[in-house]
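Trainee: Residues per chain, in single letters:
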Amino acid sequence: MTFFFQNLVNALQWGSFYALVAVGYSMVYSILMLFNFAHGDIFMVGAYIGFGVSTALIALASSGAVVMPNWLILVLTILFSMFLTSFVGMIVERVGYRPLRDAPRASAAITGLMIGIILQTSTLALLGARRISFPSLIETTTYNVGGVFVTNKKIMIVLVSLLLALALHQFVRRTKWGMAMRAMAFDYATVPLMGVPLNTMVAVTFAIGSALAAAAGILFGVAYPVLDPYMGILIGWKAFVAAILGGRGSVMGATLAGFLLGFTEIFVVMIFPSTLRDLIAYSIILLILTFRPHGFFGEPYSARLRL
Amino acid sequence: MRKGFLCGVYVLLVIIAFSPSGCGNGETIKIGTIKIGINAPLTGDIPKVGEGTKFAAQMWLEDIQAAGGLEVGGKKYPVELAIEDNESKAESAVKVNTKMITEDEVLVIVGPQASKQAVPAGGIANKYKTPMISPWSTNPDTTKDRPYVFRTPFLDPFQGPVLANFITEEFKFTKSAVLYDVASDYPKGLAEFFKKAWENLHGPGSVVAFESFTTKDADFSSQLTKITNSGAQVLFTPQYYNEVALIVQQAHQLGWKEPIVGSDSWGSAETVQLCGKDCYGLFFSTHYAAAGATGATKEFIDRYKAKFGYVPDDVAALTWDSLRIVQKAIQDTGELTGDLKKDRNRVRDAMGRIEKFKGITGEMTFTEEGDPIKCAVIVRISDAGEFEFYKSVCPTG
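Those protein sequence lines, which keep their order, are chains A and B.
Following the numbering used here, the numbering of the first sequence begins with 1 at its first residue and continues without gaps.
Following the numbering used here, the numbering of the second sequence begins with 1 at its first residue and continues without gaps.
Treat the hints as calculated values from the structure; they're not laboratory data.
Any given hint could turn out to be false.
[As the list claims (entries may be wrong)] With a straight-line Cα cutoff of 16 Å, these simulated EDC-like cross-link-like pairs (lysine to aspartate or glutamate) come out:
| hint | chain 1 | residue 1 | chain 2 | residue 2 |
| --- | --- | --- | --- | --- |
| 1 | B | Lys-216 | A | Asp-278 |
| 2 | B | Lys-277 | A | Asp-278 |
| 3 | B | Lys-35 | B | Glu-103 |
For reference, chain A alone in the conformation it holds in the complex (with noise of 0.2 Å):
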């Protein structure tokens, strides 16, 4: 039974990746029936500014100009980092594909998959090869509770992302930009019409949706700290499958369907080998598709912005 539920925490952690990363794809979607390919490499980008962020807050606290405990730092990375990135996503949207609005979705697509290049290259070419170890902000303690043993960084991580998941729900539902963002899903040409401004909406909804990659991308440090320029990748991908899987352009799907891709790898891997444990969880993952081809919030012949 223990072993069930510290498979059960492992999941809940890896899962939160996922779902962040998979409610950027999925706004974009709604709103401009493009999946950005970039996203993952957004991700990336988010945790190397989290990187770059934290090591001046820790080198200004200890300078001793400002008293700042290493919580504080942690806050205040993740929030700058958020800002900062949320830029990234902008340029990357007015670079990228504003030229490309009314082209074929197919070029705007592999003009995604252009910046996502482009975004790890030039990390390499900044950076260089070399892994960066992501500073330690908090001490990991490890809790033994009953047999499953929980560190605080899980259950930060877990929190946090919750916690924006929860906050984006309600901005969209709540707010006047998420209503027009919801207005925009369901009919994107009428909506300017009325006075909307199209390309600032747009520029919002790829500042949210890359925000929440910057986050994802901290924690990811946080609890793997070994960045690299192509770790935005693999994550990439498979939270693109969880947009998908959520139903294209529903938030809570998105950040349901990424919690469940992360408990479907680790609990194959519980049952089975895990050589087979992609080839199981994503044939696990396309039966489910076969049966419910619009995902699971998903409405055929809809990209509306649900929740």
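Using the hints, position chain B against chain A.
Mentor: Showing chain B alone in chain A's frame:
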């Protein structure tokens, strides 16, 4: 139609013009320069390995240049190094080898380092009859049935039993677990050799967990949970330094308190930097131990440290030895004819004849397969994060 035809002709012309050995006589080198190819992972998963390779090669080249060139049969030849990046990918390593052999016209190739690249790249070198020596690849397939391919380190079929015996003698354990990357030649090969050796000692089923993952995975929690619950007394993980940090830290966070043992891929200067305190006190097998070295080994370490600012890892030391073996082989040919094909064959023959070569990673004599017979070293990561010599294990018989 017409346009397409013209275009085709143009492309054909370009191909002919740039093809190195298509019909022209591209097989002779300029007498006067010896070109040596270095196939290294400068970017990709293990860039620190590439850096060590490059630095050691640069040091060697300095020595040659200081001596006014490489002396072969009373004549001094300038040496040129072609250092190419294989991005730590198998397919790129193959491309790099092909390019160096057919376009750069190198006399001999040093590298690739990791077995993942060295196994496929060795096939190319053998096919083009160009001598190649891998400084770091320990998988038997690299040199197997390839008369033109050599290596500097010991082999995994030797390393696996060394570790199984060491753990058995040191800790008196009978149950072990293995975690390895199933998509990479080196960890996969070594994991299997270890399993075989362990089961020879303790009977079938004594490897209680044999878990795997694939390259680029970062979360090993499900595998490690299985291992923790399997009743294993020790975890063996033959991974590269970037994964070692993640595996060891996650194992400790999941309540694993037993020893974790590694292989020569742990011996990078960056292992401890990424892993931190979690790795202190762990053991791994390797080619040499920097702390407490003497003689020529110490001289090399001191020079490298003064020049590049850190203690060289085993890759740097093995690359240094490989280049010195290459140097000896070239000198042993007696003279260079200038005919690249002939010279490559002569270098290969000379390399095969090398006996009791005194390298900084031990004494080496090549077998028929091009593998050296040499000793392994067990290193303990000290509480200061240094690689300390623990004991030496030599092949018997």
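Trainee: All hints are to be evaluated individually against the structure, with a verdict given for each.
Mentor: Okay, the hints, checked on the actual structure:
1. Lys-216(B) <-> Asp-278(A): Holds, at about 13 Å.
2. Lys-277(B) <-> Asp-278(A): violated (32 Å)
3. Lys-35(B) <-> Glu-103(B): holds (12 Å)
Violated hint for the displayed structure: number 2, the only one.
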